[in-house]
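Residues per chain, in single letters:
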Amino acid sequence: MTRPQLGACYFPEHWDSSDWRSDAEMMRDLGLDFVRIGEFAWGVIEPEPGQINLDWMQQSLDLLYEHGIKVVLCTPTATPPKWLVDSMPDMLATGRDGRPRTFGSRRHYSFSHQGYRRECARITTEIARRFGTHPAVIGWQTDNEYGCHDTTISFSQTDLLAFRDWLAQRYQSVDALNRAWGNTFWSMQYASFDEVELPNLTVTEANPSHWMDYRRFASDMVVEFNRLQVDILRRLSPGRDITHNFMGRILDFDHFDVGAQVDISSWDSYPLGFLDQERDLHDQAHRLAFARAGDPDFQGFHHDLYRATSGGRWWVIEQQPGPVNWAPNNIAPRKGMIGLWALEAFAHGAEAVSYFRWRQAPFAQEQMHAGLLRPDRSPAEAFFEAGDVAEAIRSIDWPQASCGQVAIIMDYEAAWAWSIQPQGEDFDYFRLLFETYRSLRKFGVSVDFISPDQAGSRLDEYALCVMPGLFSCSPELAHAMAQTKTPILLGPRSASKTGEFQIPASLAPDLPDAIRPLTVTHVESLVTGLDVPIEGRSGSFVHWREFTSPHADADVLWQTADGLPALVRRDNLTYQCGWADPALMSDILRSACCDAGIQTFDLGDGVRMRRAGDHAFIINYAGTDFDLALLGDVHIVVGGPAVPPSGFAIVRL
Amino acid sequence: MTRPQLGACYFPEHWDSSDWRSDAEMMRDLGLDFVRIGEFAWGVIEPEPGQINLDWMQQSLDLLYEHGIKVVLCTPTATPPKWLVDSMPDMLATGRDGRPRTFGSRRHYSFSHQGYRRECARITTEIARRFGTHPAVIGWQTDNEYGCHDTTISFSQTDLLAFRDWLAQRYQSVDALNRAWGNTFWSMQYASFDEVELPNLTVTEANPSHWMDYRRFASDMVVEFNRLQVDILRRLSPGRDITHNFMGRILDFDHFDVGAQVDISSWDSYPLGFLDQERDLHDQAHRLAFARAGDPDFQGFHHDLYRATSGGRWWVIEQQPGPVNWAPNNIAPRKGMIGLWALEAFAHGAEAVSYFRWRQAPFAQEQMHAGLLRPDRSPAEAFFEAGDVAEAIRSIDWPQASCGQVAIIMDYEAAWAWSIQPQGEDFDYFRLLFETYRSLRKFGVSVDFISPDQAGSRLDEYALCVMPGLFSCSPELAHAMAQTKTPILLGPRSASKTGEFQIPASLAPDLPDAIRPLTVTHVESLVTGLDVPIEGRSGSFVHWREFTSPHADADVLWQTADGLPALVRRDNLTYQCGWADPALMSDILRSACCDAGIQTFDLGDGVRMRRAGDHAFIINYAGTDFDLALLGDVHIVVGGPAVPPSGFAIVRL
Amino acid sequence: MTRPQLGACYFPEHWDSSDWRSDAEMMRDLGLDFVRIGEFAWGVIEPEPGQINLDWMQQSLDLLYEHGIKVVLCTPTATPPKWLVDSMPDMLATGRDGRPRTFGSRRHYSFSHQGYRRECARITTEIARRFGTHPAVIGWQTDNEYGCHDTTISFSQTDLLAFRDWLAQRYQSVDALNRAWGNTFWSMQYASFDEVELPNLTVTEANPSHWMDYRRFASDMVVEFNRLQVDILRRLSPGRDITHNFMGRILDFDHFDVGAQVDISSWDSYPLGFLDQERDLHDQAHRLAFARAGDPDFQGFHHDLYRATSGGRWWVIEQQPGPVNWAPNNIAPRKGMIGLWALEAFAHGAEAVSYFRWRQAPFAQEQMHAGLLRPDRSPAEAFFEAGDVAEAIRSIDWPQASCGQVAIIMDYEAAWAWSIQPQGEDFDYFRLLFETYRSLRKFGVSVDFISPDQAGSRLDEYALCVMPGLFSCSPELAHAMAQTKTPILLGPRSASKTGEFQIPASLAPDLPDAIRPLTVTHVESLVTGLDVPIEGRSGSFVHWREFTSPHADADVLWQTADGLPALVRRDNLTYQCGWADPALMSDILRSACCDAGIQTFDLGDGVRMRRAGDHAFIINYAGTDFDLALLGDVHIVVGGPAVPPSGFAIVRL
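Chains as they are written, first to last, in numbering that gives the first Met the number 0: chain A, 0 to 652; chain B, 0 to 652; chain C, 0 to 652.
Treat the hints as calculated values from the structure; they're not laboratory data. Honestly, I wouldn't trust all of these hints.
You can't tell identical chains apart in this list, so a pair holds if it fits in one copy or across any two.
Here are the computed lysine to aspartate or glutamate pairs in the DMTMM-like style, where the Cα-Cα straight-line distance is at most 25 Å [said to hold, decoys possible]: (1) Lys81 to Asp96; (2) Lys81 to Asp174; (3) Lys69 to Asp85; (4) Lys484 to Asp626; (5) Lys81 to Glu12; (6) Lys81 to Glu65; (7) Lys81 to Glu365; (8) Lys69 to Asp230; (9) Lys334 to Glu534.
Just so you know, these numbers come straight off a predicted model, no measurement behind them.
The following block holds chain A by itself, in its conformation from the complex:
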């Protein structure tokens, strides 16, 4: 395998140009391969309307090139300058509460605004025309972190007009819309597309079909917005890779759609920030145990997800280098973790990892965000750990990445649907996927995510496929499920709606009679404490339970303590009739893996493994040594028999 690349995010415009040469020298000496520059720099690039200033960037690119540092350039469209916003104030994103979200930080725009799109095309063209073929430039990043700061779903009049157009395209006739949404309910009929309103300020909840289309529209606006830049870059910077930097747990747009436009999906990995912020995923004991290491699965989850979104090529383009500034609490990493996170990304197949940022800024919003260098240019902890990584990527013979053993279907529409209609206060789609993923990962199983669209053609590649909470089952997917021999674990709530967000005519799951294992007659959401134990098994259904009528050809494998079907199998389809708590999830998946011939280990809470052919990477988030002998008779390729905390090993199984 080509060795992984190491980089840093660099903002030369924040520093005196007299520092630039020495920066390049230090980068080279540290072993960095590339830097990412230009992000957020619109104000420097175009200080007044039309007055383009790119000479500083030229100077920086030339200097970097001279030192052998390659460059990923960014379009600066996440931070439109003040004069631009003042020229079209209706470009601002508007909150769910109806208030415009003003200039003064970043992402202050609505994706649907045509005027702003034109401005983005113009500035992208300017930069790409100048540097598209610069020898230092190896790639481009569009904008920054779509979805961050909750601007994807914007509620301005601009958005409303664009939504009406989008609906007219989708439904062609307003009667079709009224039928699809069931607007006869509560007299919500519209007489024309121009009557359609935003769903955000209604007296009680708006129609879920209305919301669902608004979420689809919002996602499509991101996709349209991104495509505009991609098209320009393809034309003006041939042969360079294009990426966009995704964030963790952002579900507001379909990352498969954006990922399909670019060459490389990249993401911004902040393990400690995410652990402290995403508190609903972890209890306090877990958060404290991993406070300085990060959750052992959050990174892997996104590594595996974003490996899928662009068809295999992916990067970590921002990697946490120390304490950050945006989590509720910003904790210092345990020694070794800053490097281990990069190695873990490589283990999951990343082509590159780039630390954010080269040097800590002493001013403005992120002054408390660490860098490889401190504000005074002295090296921070991350500088040394990045050096260790630079050495490792040169000394290790990296095994070729390979396909995972189990596929999990990631369905962005389900994320939207179940946030629109949770039906129970604890039903969160991301958490459902995440708990499934974690359960498999504790067994040492390598997981791939695939989209519902991809699933149609790829089920046969996996020994097992899991699709909890799928929103709606397309005919193509249903056909593939009927054709494949791959065991599939469905439920809870999978395929429970039509594409219009209605209950299917024959009730859920909306599968052909020829394969449907059962019919869901009704469901219940379970208040905390009201669990449904499973007969003869550890663990219970929590949050959600389904009452079902199994098909005559199906077998009830497990049942609840109150005597109802809990796990029902018909041929290769197994339906799980509730949300399994961790103990039950583990029980179900161990059994499913066993049936599927997938080897499982007991890695516990803090050690993870990713396979690469007959090799496996071992990553230790835990606070104690991990004895590789627990994996059986393995050949140690990198590392010693005991993998220390923050340690890494490669074995041949």
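Knowing the structure of chain A, use the given hints to seat chains B and C on it.
Chains B and C alone, transformed into the frame defined by chain A:
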């Protein structure tokens, strides 16, 4: 007694008309007596302004009549169509935050809007003229669930103008208003009614007298709004009963005022939804114990309350048929409860119970709300339990309802007053009443609610009257209290204000010297954990305690552990100087019942009894059998000696 | 020492004038020296624009003078009348959410509004011209409780325009502003001052430098607003003292700046209200233990703080007289506390204490707020306890107040900075100071607060100086720190920013190389439960920890259990590398006091001591007797050997 009636809420316009005949057949075969139709149907009735389409309703009514199904028709005014809202956008209700609440769900109107009232009169006239004398039509429901979704207290400019008019009528001169409100405080004087503002966006709290009048105004607007429809229906549909469907725990308007306009008070009873939603009334253990049965007192409370609001005639017009969609969690009922809830309503004197809804809708906001039929027309659990009820109402000889033993005064003004000025974070009037009610009901005591106005003439009908938290005591009520021999339990906080929301000139309680048992010199609200134990008694004052100076002719019955009066009696008036925790409340009421000659039982947490003359109904919400022998030597009329969970019995005492 | 003065807040305009003479007689007989009148009376003083009505006030002043009662007059500017607001609606303060805060309570104005300032000058002139030299008038209070109800930081267009002017004055060129704020970050550059926006509705957090200047601007507006009135009063009422009544824990403006304008800082002391409201300062057990006495340190903290703000002269101008109306719960004081609070204020050097209010109002917002008299004119508990105080101030020979032993630096800019950039969810500057103060006070140490500006010249007066969390260190203060021999305890987070809110060029703390004990390389905020124990000591760092590199000349006194510097000393400067929990704080300060030769006692949770030369006052908030013998061999001047709960003693040490 005439046998109770059983019905369902039916929305023919949601289904293909080819289903209507078979619907009617199934209803008849199930034993339904009636359906409610037309609710929310404005969009179908008048798809364009002035284009009235009622033929579908004619067809439906004729079909139902043909099958012996009677009909309650609804005015569709809870869901004004889009074209109507667009023609007068200022009709929208406005939130406390000053934002209009837009089209897209329901109840998107302000009660005070004259233009919208005219439209409601017009559509009501259209429907009533067409069907007012249709032989199937036995009654009418106005609008739907006034008070739901918090639109009663609206803050638009329309509301402000109407409020100024209302104030001008009430006070005649602005000086009178300034005096009544005490506006000299903080320089809040107004020079004319046109200067009066809304109370919602002030820097710190607005004047409580200002708020109190705004709450009275808001309630009056509902009453005016309803009267308009009632007047039309009386004229165009003579001899039919009129009702409105109240909700549980809605306190935003005076239900006695609306109830007085209609023939029948009805309400929408969702035991499991309410239990999970109204969490401040129950601790977690209680919620879990009754998660599938409902709180044993919440339904009875409202049965007894709404029996009072229209002078005795009342219905449950929407009865939960399975999991609903609007509570934080939506749990499936325990087997038998869907039927038992109906029987319990009949035990409390309901003339009719109607399940909501006939068939679960597969689309729009309530697609997760169960019905008697599933979306695919297959029968749900509720279908069979409704059938059991249909049989029971035909086979049981229902004892004639009778007056309760104890009266509790329900004072809507107190609900407004103590939410405006709680003075302690835990002072909630509904909870105060509810805890009092529960305490009596655990003793097997039958309770009636009466309004402060009714109390004046009805105190003698009861063996005991309880009036905690009464806002202001009218001269008529004070006179009645002085005349009656019925023991009355007052306090905490009873009669502590004048009608203008001022402290009475002689301090609280504001009663004539001839009967006042004590003077409240000052009060304190108690933070959680700061309890005031009662000497020699179980339990404590919590939340609230009053410091008092007993009248010379009064006796201090009980005192606090710190030596102050806790329970003070003068003649038939007993004043309770604090909020009693459940143990103390039980102690006080057991003693009061004993003194009043009221027999008490120990029914525990889950069993309830309602008397009807010398008969009594036994309703078992608990998870274990109830042995009727615990009631002493009773004759079992319906049921066996052990009443099972979800079971029902009738005994003669 | 002159004996302390006792007063009450009096609102004659709330009562029938026939009561005024008898009020004055009762005040005289009770032993009151003065009353405060005129607050909030604008509506009575000027019922219509320009129609001035002050005869009632003349009558009241004359009557009071006749009975020997002196008067502090108030400007009524906290409650502009309706006609005034209607004449300039843009004077309303605007909330952070962008909504104007309307008429109907009080403080409905923005400090920056020039039109309202002119109106305030006019009404102040009217009143001062009429009564400036009235013989009863001994002083003036400007407005009421600046900062209360969160109107200091207002976000109207008026405020924005004033802010732009303020910035232009401060920076002179917009390039200077862009540099100071680091606006190159995220393309936030402004091309002119007229482009600057408010920081409140941005997509994600605004630039901290932007916020910091907005906070400084907001504070300056209060200072300008107050100066206008002070200048008029100085001119028209020569020889009278001017004060403003501060509140507890209000940090929105720099009280040293306002304090410098007036003669006397006064504050409004509501011990029980504050205890229940400021819950983040106390755990529940503590709140319950002192629910009826008040927190033993909250009053002393503010006594000591406001003694500093006007250079020594200070009053309690509103003293809680019983249950109030505005805390979450409003509890009745323990017998004796109403008097003890006054005596405690005198012990800390107050010239006067004034109970709020003379007679409880039966109407409007504060009808549940106790007074010395009840609404019916009967004496409340406070009446008798005030009488005891009146007797005590005449019978006790009050020792002369003296300088404290330890100085704590109170830095309002730090309060703003760390609320703008807490960096950890638990970093609250007030709490940091308060915990430091409490720790010293439990040792019986007398504390003075000084401002960073004052510190420059006053360090030598103290045996020890503590400055946790100082925002930015001025050259003057740094110079003084280098010159003094007084031991200084710095950190956490002290001097960690430049005045522009940037990280200092040589990192924190921003001190001259000649004295800096260490360099902070980076910091971390600690989630609850992630503590950092100190080697060989009780207690831990919590909330916040700093990683440091000690100077070669410094000694690491203590270190963390993970082997890093915890307490580092160089000469007289000791740096504390984290937020100490109470046990550790106590350990550090006991050690610091010991080194500084300050005698410490163990007064425990509920007893406090304030020195006055060789005398000391003992105040007992606890529920049990305090044995004076625990102080060693002291001479009891006032009181007995056992100080009872709510008791007071004076001893000579």
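Do the hints match the structure? See the list:
1. Lys81 to Asp96: both (24 Å within a copy, 21 Å between copies)
2. Lys81 to Asp174: between (43 Å within a copy, 14 Å between copies)
3. Lys69 to Asp85: neither (36 Å within a copy, 58 Å between copies)
4. Lys484 to Asp626: neither (37 Å within a copy, 57 Å between copies)
5. Lys81 to Glu12: So Lys81 and Glu12 pass the 25 Å test inside one copy only (18 Å; across, 53 Å).
6. Lys81 to Glu65: Classified as neither; 35 Å inside a copy, 66 Å across copies.
7. Lys81 to Glu365: Within one copy, since 20 Å is at most 25 Å while 45 Å is not.
8. Lys69 to Asp230: This pair counts as within: shortest intra-copy Cα distance 23 Å, inter-copy 66 Å.
9. Lys334 to Glu534: between (45 Å within a copy, 20 Å between copies)
Checked against the numbered hints given earlier, the structure breaks hints 3, 4 and 6 and satisfies all the rest.
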